[in-house]
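J.: The chain contents come next:
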Amino acid sequence: MKLNIFNPGLPLTIAIGAVVLIAALPLAAAPPSGGGGGSRGGGGGGGGFAPRSTPVTVDRVDHGSLRHADTQVVARPIAVQPRPVEQPREQPRPVEDHRVTEAPRADDHHEVARRPEPGPARFGFDGRPSMIVHRDVEADWARPNFWHGFAFHARVHALPVGCFSLVVGGFPYYYYDGVYYQQADNDYQEVYPPVGAAVPELPDGAIEIDMGDQAYFYAGGAFYIQQDDSGYVLVAPPMGIMVPELPPGATQVSVDGGLAYQFNGIFYRPVFADGVTQFVVFTP
Amino acid sequence: MKPKLFRSTTVSRHLYAGLAGLLAAASLAVVTAWADDTNVIDPRADVLLHRMSDYLAQAPYFSVKAEIWQDVQLGSGQRVQAGRTVELQLRRPDRLHAEVRSTRRNRAMYYDGKTFSIFNRAENFYGSADIPGTIDDALDTASEKYGMTMPLEDFLVSDPYKSAVQGLTSGTLLGSVTVLDVPCQHLAFSRGNIDWQLWIEDGPRPVPRKFVITYKDEDGSPQFTAIFSHWDFDTKLPDFVFDFQPPAGASKIDITEVKARNQQTQKEAK
Numbered sequence: 001m002k003l004n005i006f007n008p009g010l011p012l013t014i015a016i017g018a019v020v021l022i023a024a025l026p027l028a029a030a031p032p033s034g035g036g037g038g039s040r041g042g043g044g045g046g047g048g049f050a051p052r053s054t055p056v057t058v059d060r061v062d063h064g065s066l067r068h069a070d071t072q073v074v075a076r077p078i079a080v081q082p083r084p085v086e087q088p089r090e091q092p093r094p095v096e097d098h099r100v101t102e103a104p105r106a107d108d109h110h111e112v113a114r115r116p117e118p119g120p121a122r123f124g125f126d127g128r129p130s131m132i133v134h135r136d137v138e139a140d141w142a143r144p145n146f147w148h149g150f151a152f153h154a155r156v157h158a159l160p161v162g163c164f165s166l167v168v169g170g171f172p173y174y175y176y177d178g179v180y181y182q183q184a185d186n187d188y189q190e191v192y193p194p195v196g197a198a199v200p201e202l203p204d205g206a207i208e209i210d211m212g213d214q215a216y217f218y219a220g221g222a223f224y225i226q227q228d229d230s231g232y233v234l235v236a237p238p239m240g241i242m243v244p245e246l247p248p249g250a251t252q253v254s255v256d257g258g259l260a261y262q263f264n265g266i267f268y269r270p271v272f273a274d275g276v277t278q279f280v281v282f283t284p
Numbered sequence: 001m002k003p004k005l006f007r008s009t010t011v012s013r014h015l016y017a018g019l020a021g022l023l024a025a026a027s028l029a030v031v032t033a034w035a036d037d038t039n040v041i042d043p044r045a046d047v048l049l050h051r052m053s054d055y056l057a058q059a060p061y062f063s064v065k066a067e068i069w070q071d072v073q074l075g076s077g078q079r080v081q082a083g084r085t086v087e088l089q090l091r092r093p094d095r096l097h098a099e100v101r102s103t104r105r106n107r108a109m110y111y112d113g114k115t116f117s118i119f120n121r122a123e124n125f126y127g128s129a130d131i132p133g134t135i136d137d138a139l140d141t142a143s144e145k146y147g148m149t150m151p152l153e154d155f156l157v158s159d160p161y162k163s164a165v166q167g168l169t170s171g172t173l174l175g176s177v178t179v180l181d182v183p184c185q186h187l188a189f190s191r192g193n194i195d196w197q198l199w200i201e202d203g204p205r206p207v208p209r210k211f212v213i214t215y216k217d218e219d220g221s222p223q224f225t226a227i228f229s230h231w232d233f234d235t236k237l238p239d240f241v242f243d244f245q246p247p248a249g250a251s252k253i254d255i256t257e258v259k260a261r262n263q264q265t266q267k268e269a270k
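Residue numbers (the working numbering), protein chains in the order written: chain W, 1 to 284; chain F, 1 to 270.
For reference, chain W alone in the conformation it holds in the complex:
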């Protein structure tokens, strides 16, 4: 029998066939139920074939758990490559060259040698063995940034190259990568970060801590917030903010019989958070 494509009933035929096919498609697309032959051991547990909807930006590798792989996820730290060193903007004045380039004295234990060396990447670390902060990883890479060597009132004979001056509250300061200096006789001494200081860029290793709608940047015991003109200003920390490490040189104190630390008039209380020790800013 020849098929008459001009048969007036053909469209109806096609339509019925298509309807049946479409109606049956979900059947074809459905996942096999029950595991197809009992190879799942009868467990099933409600199927679970659908991919789990989890945020892409998670960091669970430290968990080492299937059971709680998606229970408690941590926002993945985002690596921001160090920006090229910028010349200080017009406001900060460069420090006198003879001071900056002068060789450190033998008794100067805060000499420039502890500064991270600028230059090409070494071993993939960009000259800085810093790593992305992962709060619950027992990773053991030292990540010394310049401000990790801060010691209150430690004296240096020469300021680091790239240091610039600024005035905060009418007092002159010098600043380099998270460390503030003031002149002391013929030397400079490291001082606490002054609230109100404005710097063009964040210190290396600054950690962003988002609290509410505000992003704070924490480094060397200082909390910075971004200004509209893309610079950063040092502010007093909000109570309750949690930081992963104490400022260098924080001293242990007792507050109401409990252990605490103090740095620059800011009090930190240690707590366990996510199984590791962190520090909460509080008012005694």
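Don't read these hints as lab results, they were simulated from the structure. Keep in mind it's a predicted model, so treat the numbers as computed, not measured. The beta-carbon is built from N, C-alpha and C at its ideal position, and this holds for glycine as well. Treat each hint with caution, since some may be false.
Listed next, the stretches of chain F that the computed footprint assigns to chain W, with coverage defined by at least 3 CB atoms under 8 Å from CB atoms of chain W [what the hints assert, rightly or not]:
hint	region
1	88–99
2	122–128
3	230–240
Lysine to aspartate or glutamate pairs mimicking EDC-like chemistry, simulated, CA-CA at most 16 Å apart [to be verified]:
hint	chain 1	residue 1	chain 2	residue 2
4	F	K145	W	D213
5	F	K216	F	D71
6	F	K259	W	D256
7	F	K252	W	D256
8	F	K65	F	D243
9	F	K65	F	D54
10	F	K114	F	E87
11	F	K162	F	D136
12	F	K162	F	D54
Guided by the hints, dock chain F onto chain W, whose structure is given.
T.: Quick look at chain F alone, frame taken from chain W:
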């Protein structure tokens, strides 16, 4: 006169077309089902997994050591591995002790059926939380309430098989290999966002020898790797193993709950 059955009427043609469509759909269903046949656990893998799980679940107590390596991304973007060791001592149903050590960090976790304690040996801090119940309760509460997920907890719970097969889309037996000279069976499993592998010791003691988790939904698909050793099912574990006694000079600090710090996130900015 043609038999009625073969009478070529418009209606019957429509019926044939419908049947043809149904047949096509059925064929498609069969093909799709065949294609999805990978979404099941190989029975041999399932048996081995079940056997290992039963062995651990039925052990009244055991000790084990594991070396853990996990991928970490440096600030430069380079991926490296961080290592640590975990020593576990367990007595069912409600005793657990873990020591987690790396070069500089050193912390312990104790659970005695009533209290979960964490001790930071490096800084001499400890904290405690009341979690009455079983090991399962302690692990779930520690993870969900306090954000402390115990590595390798999948092998500590009362029914390791149950949580292992949850959400699985495939399971395969890859064959015999050795892990640190121990003959093992290599299994590979997959679920939505995770691939994981398990190496189970051959012979009468089907314990895990290696465990790898690959997080497929994270950048670079980082891996968590644990290599087990020093399995001990003979040495009895008395109560004092699980009782935490703060050493002299240790300071008690709070354990914060996850919900109390949800408003904060931290990341390296530069």
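J.: Quickly compare the C-alpha distance for K145 of chain F and D213 of chain W to 16 Å and report which way the hint goes.
T.: Violated, at roughly 24 Å.
J.: Hinted pair, alpha-carbon criterion (16 Å max): K162 of chain F, D136 of chain F. Please report holds or violated.
T.: Status holds; Cα separation ~12 Å.
J.: Check, residue by residue, whether the region 230–240 of chain F contains three or more positions whose beta-carbon lies closer than 8 Å to a beta-carbon of chain W, and give the verdict.
T.: It is violated, with 0 qualifying residues against the three required.
J.: Do at least three Cβ atoms from the region 122–128 of chain F come closer than 8 Å to Cβ atoms of chain W?
T.: Our answer is that it holds, as 3 residues pass the Cβ test (under 8 Å) against chain W, meeting three.
J.: Please verify whether K114 of chain F and E87 of chain F have alpha carbons no more than 16 Å apart.
T.: At roughly 21 Å apart (the allowed maximum being 16 Å), E87 of chain F and K114 of chain F break the hint.
J.: So is the region 88–99 of chain F in contact with chain W by the C-beta rule, three or more residues under 8 Å, or is the coverage claim wrong?
T.: violated (count 0)
J.: Just to be careful, I want the Cα atoms of K65 of chain F and D243 of chain F compared with a cutoff of 16 Å; is the pair within it?
T.: 20 Å, violated
J.: Could you grab the alpha-carbon distance between K162 of chain F and D54 of chain F and see if it respects the 16 Å cut-off?
T.: At roughly 11 Å apart (the allowed maximum being 16 Å), D54 of chain F and K162 of chain F satisfy the hint.
J.: For the pair we were handed, K252 of chain F and D256 of chain W, check the Cα-Cα distance against 16 Å.
T.: 13 Å, holds
J.: If you draw a straight line from the CA of K216 of chain F to the CA of D71 of chain F, is it 16 Å or shorter?
T.: 13 Å, holds
J.: Between K65 of chain F and D54 of chain F, is the straight-line Cα distance small enough, at 16 Å or below?
T.: 20 Å, violated
J.: Would the hint linking K259 of chain F and D256 of chain W be met if the CA-CA limit is 16 Å?
T.: 26 Å, violated
Going through the hint list in order, the structure does not satisfy hints 1, 3, 4, 6, 8, 9, 10.
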